[in-house]
Amino acid sequence: MITRADGVIVAVNPTFVMLTGYPESEALGQTPRLLRSGQHPPAFYKELHATLAERGCWSGELINRRRDGSLFTVIMNIAAVHDRNGQLGYYVAAFSDVTTIRQVQERMDYLTWHDALTGLPNRLLLTDRLRQMLKICLREAHLAVAMVLDIKRFGALNEALGVQVADAVLGMIANRLRRELRTGDTLARLDGDEFAVVLAGTHDSSETAAHHARLVAGQLSAAVAEPLKIAGSVLRLGLGIGITLFPKYENDEAGEVLRRAQTARHRAGDPEAGGQSIVFFDERMGQSVEHRFRLEQELHHAITAGELRVYLQSQVDHDGRITGAEALLRWQHPQRGLVPPGEFIPIAERTELIVQLDRWVLGEVVALLARSAGCRPAPTLSVNVSPRMFASPGFVDELRTLLAPHPDSARRLVIELTEGVLVHDPEVVAERMAALGALGVRFSIDDFGTGYSSLTYLKRLPLHELKIDRSFILEAPHDADDAALVGLIVSVAGHLRLEVVAEGVETAVHADWLRSHPGVRRQGYLYGRPVPAGDWFGDYASGCDA
6 MITRADGVIV AVNPTFVMLT GYPESEALGQ TPRLLRSGQH PPAFYKELHA TLAERGCWSG
66 ELINRRRDGS LFTVIMNIAA VHDRNGQLGY YVAAFSDVTT IRQVQERMDY LTWHDALTGL
126 PNRLLLTDRL RQMLKICLRE AHLAVAMVLD IKRFGALNEA LGVQVADAVL GMIANRLRRE
186 LRTGDTLARL DGDEFAVVLA GTHDSSETAA HHARLVAGQL SAAVAEPLKI AGSVLRLGLG
246 IGITLFPKYE NDEAGEVLRR AQTARHRAGD PEAGGQSIVF FDERMGQSVE HRFRLEQELH
306 HAITAGELRV YLQSQVDHDG RITGAEALLR WQHPQRGLVP PGEFIPIAER TELIVQLDRW
366 VLGEVVALLA RSAGCRPAPT LSVNVSPRMF ASPGFVDELR TLLAPHPDSA RRLVIELTEG
426 VLVHDPEVVA ERMAALGALG VRFSIDDFGT GYSSLTYLKR LPLHELKIDR SFILEAPHDA
486 DDAALVGLIV SVAGHLRLEV VAEGVETAVH ADWLRSHPGV RRQGYLYGRP VPAGDWFGDY
546 ASGCDA
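The numbering used here numbers the first residue of the sequence shown as 6 and each following residue consecutively.
For the record, the hints were derived by calculation from the structure and aren't laboratory data.
Just to be clear, a hint being listed does not mean it is correct.
Claimed, not checked - In silico SDA-like links for lysine to any residue, alpha-carbon gap of 20 Å or less:
(1) K253 x K157
(2) K140 x A205
(3) K253 x L143
(4) K157 x L242
(5) K157 x Y95
None of these values were measured; they are calculated from a predicted model.
Use the sequences and the hints to build the structure in full.
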């Protein structure tokens with residue numbers, strides 16, 4: 006292609022016509038912009054022209070567009086032609102189509118890093134990403150997760166159905182695994198039926214990392230366990246999964262991380278033989294995570310299976326008269342017996358399960374309040390609401406709906422919130438508290454003194470009560486600092502016209518000490534341990550209509 010100094014095309018040869026699809030009659034009088042593909046930014050062409058002006062020549066690779074709109078890659082050489090007087094007359098551009106060569110190179114590059122059968126990253130790319138994740142973890146002092154997976158009894162499947170079917174199964178399994186993972190996770194095929202996963206994201210503790218790993222491993226196992234129809238057969242496959250957290254050492258390497266996950270995977274026995282299908286390299290961690298995972302799954306079932314119970318612990322005034330109770334959740338497991346709340350509540354708090362538990366408890370408490378309306382005096386019931394539940398957009402409407410059939414119950418319902426809830430988005434918190442307060446619902450700060458203890462929200466938010474954390478009450482009779490702190494809290498509450506409940510009153514010594522604060526209500530083992538709600542009301546409501 007020859008152009009004048011102003012860029013107008015004055016000649017093309019037959020090969021130009023063949024490569025571009027433009028006949029000579031259409032090319033002449035145009036400029037090289039005729040071939041622009043839009044694949045290069047304006048700065049690219051600006052630099053090209055600057056080089057031509059400075060050196061009189063330019064060489065490089067371009068992506069051009071043919072007359073039919075298809076793209077092709079060329080290697081181009083452009084040279085300036087001057088006349089005898091040194092005046093620029095023409096530019097001559099010679100180019101060769103290297104599209105096929107580049108496609109082959111791209112394919113070779115792709116196959117260097119990817120598995121040809123599944124299109125997944127191969128061992129080389131996986132190792133590279135493991136190295137990158139190791140650097141991040143070591144720099145931030147965090148942990149990440151790696152897994153190695155294989156398909157149970159895949160060798161028998163291969164022999165029975167043949168290589169072509171087995172390859173198709175591998176492709177289908179790869180797609181199932183890919184769908185269960187998040188953007189940023191790496192799924193790789195190592196060899197045969199062996200896959201590997203590196204989960205995106207890091208964790209600041211082994212507990213959270215292991216819990217996340219166990220959750221994802223369960224999802225992968227469930228996805229593969231779905232019946233697979235192929236070649237007239239219905240296959241039911243399973244996975245063996247080995248999991249390791251990394252880095253384990255300061256000089257941990259990608260190869261060692263992979264070997265640990267493979268070691269764990271080798272220990273993943275067939276479930277039919279009594280072995281575990283998901284195994285951690287650190288067996289103790291794996292057992293702990295497995296226990297928590299099973300509890301989480303069983304807790305889902307417990308909500309609908311009627312295994313949850315409301316227990317009540319009495320609150321009394323300074324004369325020992327019962328004024329109400331705190332509602333506490335218990336889980337009556339059919340095999341494990343009564344599961345301590347300290348064992349299952351933290352598990353629920355890491356998931357949306359805590360919202361389901363809160364919803365169930367609130368429903369039970371409102372029903373109990375309605376049943377006790379005939380008692381004189383009718384008791385108040387306090388219930389703790391988690392930050393996640395209180396922050397959910399529908400919380401106010403849900404509670405309003407619960408209370409609608411029992412409007413008198415609202416005045417005897419006390420919602421306990423932790424201090425952390427109050428300082429997060431205080432305007433929204435105040436709005437929700439005001440909406441429920443209009444119904445008569447009262448609010449208490451639980452474990453006061455262990456969090457922010459800010460006088461600002463005591464003054465601005467519609468609060469009614471402070472619950473002094475039991476740790477202060479337990480030591481107050483013997484520790485001057487704790488005693489002074491309790492006195493200060495009671496004094497502040499008095500000035501702000503807030504009621505006070507002291508938790509942890511377990512002995513007569515605690516009760517005697519609290520006589521100096523006669524307005525403080527008490528709660529603790531001295532006045533009764535938590536008991537089933539029916540038993541509590543049986544004692545409280547003896548002789549009344551409840």
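### Task
With a cut-off of 20 Å on the C-alpha distance, tell me whether K157 and Y95 pass.
violated, 70 Å
### Message
So if I understand the rule, the pair passes when the alpha-carbon distance is 20 Å or less; does K253 with L143 pass?
### Response
Between K253 and L143 the Cα gap is close to 10 Å, so the pair holds against 20 Å.
### Query
Are the Cα positions of K253 and K157 separated by 20 Å at most?
Between K253 and K157 the Cα gap is close to 28 Å, so the pair fails against 20 Å, i.e. violated.
### Task
Verify the proposed pairing of K140 with A205, using a straight-line Cα cut of 20 Å.
Given pair K140, A205 holds - Cα atoms ~13 Å apart, limit 20 Å.
### Query
Within a Cα-Cα threshold of 20 Å, do K157 and L242 meet the stated pairing?
Distance ~6 Å between K157 and L242 Cα, so the pair holds.
Checked against the numbered hints given earlier, the structure breaks hints 1 and 5 and satisfies all the rest.
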